[in-house]
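Line order of the protein sequences matches chains H and Z. Take the first sequence: its position 4, counted from the start at 1, is 4 in the numbering used here, and no numbers get skipped. Count along the second sequence from 1, add 1000, and you get the number used in the numbering used here.
Quick caveat, the hints were computed from the structure, so don't treat them as lab data. Where a beta carbon is used, it is the ideal one built from N, C-alpha and C, also for glycine. Be aware that a few hints might be false.
What the hints assert, rightly or not - Some, not all, of what chain H presents toward chain Z, calculated at C-beta under 8 Å:
1) 15
2) 96
3) 243
4) 269
5) 270
6) 272
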Amino acid sequence: MAHRSFRLRSPTTEAPLARYTLMAVAFLFLALFLILPLVAVFIEAFRKGAGEFFLSLDDPDTLAAIRLTLTVAGIAVPLNLVFGVAAAWAIAKFEFKGKAFLTTLIDLPFSVSPVISGLVYVLLFGAGSALGPWLKSHGIEILFAVPGIVLATVFVTFPFVARELIPLMQEQGTGDEEAALSLGASGWQTFWYVTLPNIKWGLLYGVLLCNARAMGEFGAVSVVSGHIRGLTNTMPLHVEILYNEYNFVAAFAVASLLAALALVTLVVKTVLELHYGAEIAAGRKH
Amino acid sequence: MTTSAAASSGRWRLRQPSVIPGFGLTLGFSLAYLTLIILIPLAGLVWRSAGLSGAEFLAILSDQRTLNALKVSFGTAFIAALVNVVFGVIVAWVIVRYEFPGRRIVDAIVDLPFALPTAVAGISLAALYAPNGWIGQVLNLFGIKAAFNPTGIVIALIFIGLPFVVRTVQPIMEEIDREVEEAAATLGAGRFQTISRILLPGLSPAILTGFALAFARGVGEYGSVIFIAGNIPYVSEIAPLLIVIRLEEFNYGAAAAIATIMLGLSFAMLLFINLVQAWNRRRYGHGA
């Protein structure tokens, strides 16, 4: 670059001093606010050694929390995956009235506080609601039980897959599908053999982000869970309980599992962006 | 697939004709799912707070604790979003413009707050900024208390909001045409003038959008905040926490009322973002 020369500096960059200052400010800021909190999770988790770390994870309530988190994500993510594909198909492959409005509605959960996402289900199914007494008399448990946790998780992770697929499928147009159909493929064949291969990386990208949020959700799940140890405690909720009991090593040990999940998510996400950037909605980063 | 709407040819069509099947199935399923999961529960919330009389609603709203909680939530979110605008733009600039080893890693790490569960961020920030924590100890030397007060809330919201600013500004920065800067330089502008008079005005809609997104997210944030906030009523109690407290008291009406006010303000923000983006598209030919 031109700044190697003695007399000339490129007119479209800053003086070296300004450049290094800006870089220093940026790195210091990222170190203080992002990297240090991440590193601290692992240091606190291993503060008393690896033995204590594994010992604190090998606890029936902790294992139950891990199982519940996997179960909830295992239900919520596929539900939103099916919805995301269906919504993207309708929105991207057809022109219809009210499309922009529908797209806005799909993004709605992103602008709702997690606590409110949980609250709406408490109001819907709780003791004071119209449905509450009926559910109770029929012995159906939604609140303070797994179904409520799944519902709250579905609510907060609702837009992830759809908003990844809609711009991608809009960009791809309908030419491939029309060709397949005109050659005699059925609707399902067209989807399985033409559309799905076209969107698979974008789909994986959306599922990855959806899953990270589903496993990590705290506010919404906290409101509907009832915090019953070993029964309705997800991993993030279990972190809170352990922390409030001053059991810091155990709290950070469970937290470090979630932090590891976040790191894996970031790595896979970066790899997907590097290798399949064009097949994930072009140029759109999350 | 349904062709009924399209087949009733003529003036009004629900959709343009297409040979692609599955419109009725996918749209029908999407609408049903959207209605069940999102719309009915949200309508239930509005319904519940509409069930309160005007006087009750006003009483909840004018309660000093509610007012303070809203003030804390909106005030801290505003400050954090401002901080994030300054540092987010610098971070985006460094990532877009400068070559340095590990640039991709820095770029990837910006998304950490999206991926790290909020409760994990919360306990980690609390441990770091507490008076006996690594950063808290240093700040203590200068007499600064950064945890268990509103400052702690701002710190948590800076963490949460940063990627919103960077990821909104970054793509627009990448699109900047270098010729514009060259032209400014040939016409005698200094580098500072070029940045402040040419580049920043072009970026300002994106910066504003990033600010609004970070602000909106900060207002509703719960998990990362409650561990570092100290949660002192009237002082460092955020509105989402007050909703949780009212719920635990089985005061569903008050919880619904506070939630409705927060939602109303959030939607005003969303509308504002959309207006900015529409204005931006008209003026610059691209969205933020």
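For each hint, the structure was consulted:
With its C-beta approaching chain Z no nearer than about 7 Å, residue 15 (chain H) sits inside the 8 Å limit, and its interface hint holds. Contact between residue 96 (chain H) and chain Z, as hinted, is supported at the beta carbon level, the nearest pair being about 3 Å apart and thus within 8 Å. Look at residue 243 (chain H): its Cβ gets to within about 5 Å of chain Z, closer than 8 Å, so that hint holds up. Because the smallest distance between the Cβ of residue 269 (chain H) and any Cβ of chain Z comes to about 7 Å, under 8 Å, the interface hint for this residue holds.
Interface restraint check: residue 270 (chain H) against chain Z, minimum CB-CB distance 4 Å, threshold 8 Å, status holds. At a threshold of 8 Å, the smallest CB-CB gap from residue 272 (chain H) to chain Z is about 11 Å, leaving the interface hint violated.
When the structure is compared with the earlier hints, a violation turns up for hint 6 alone.
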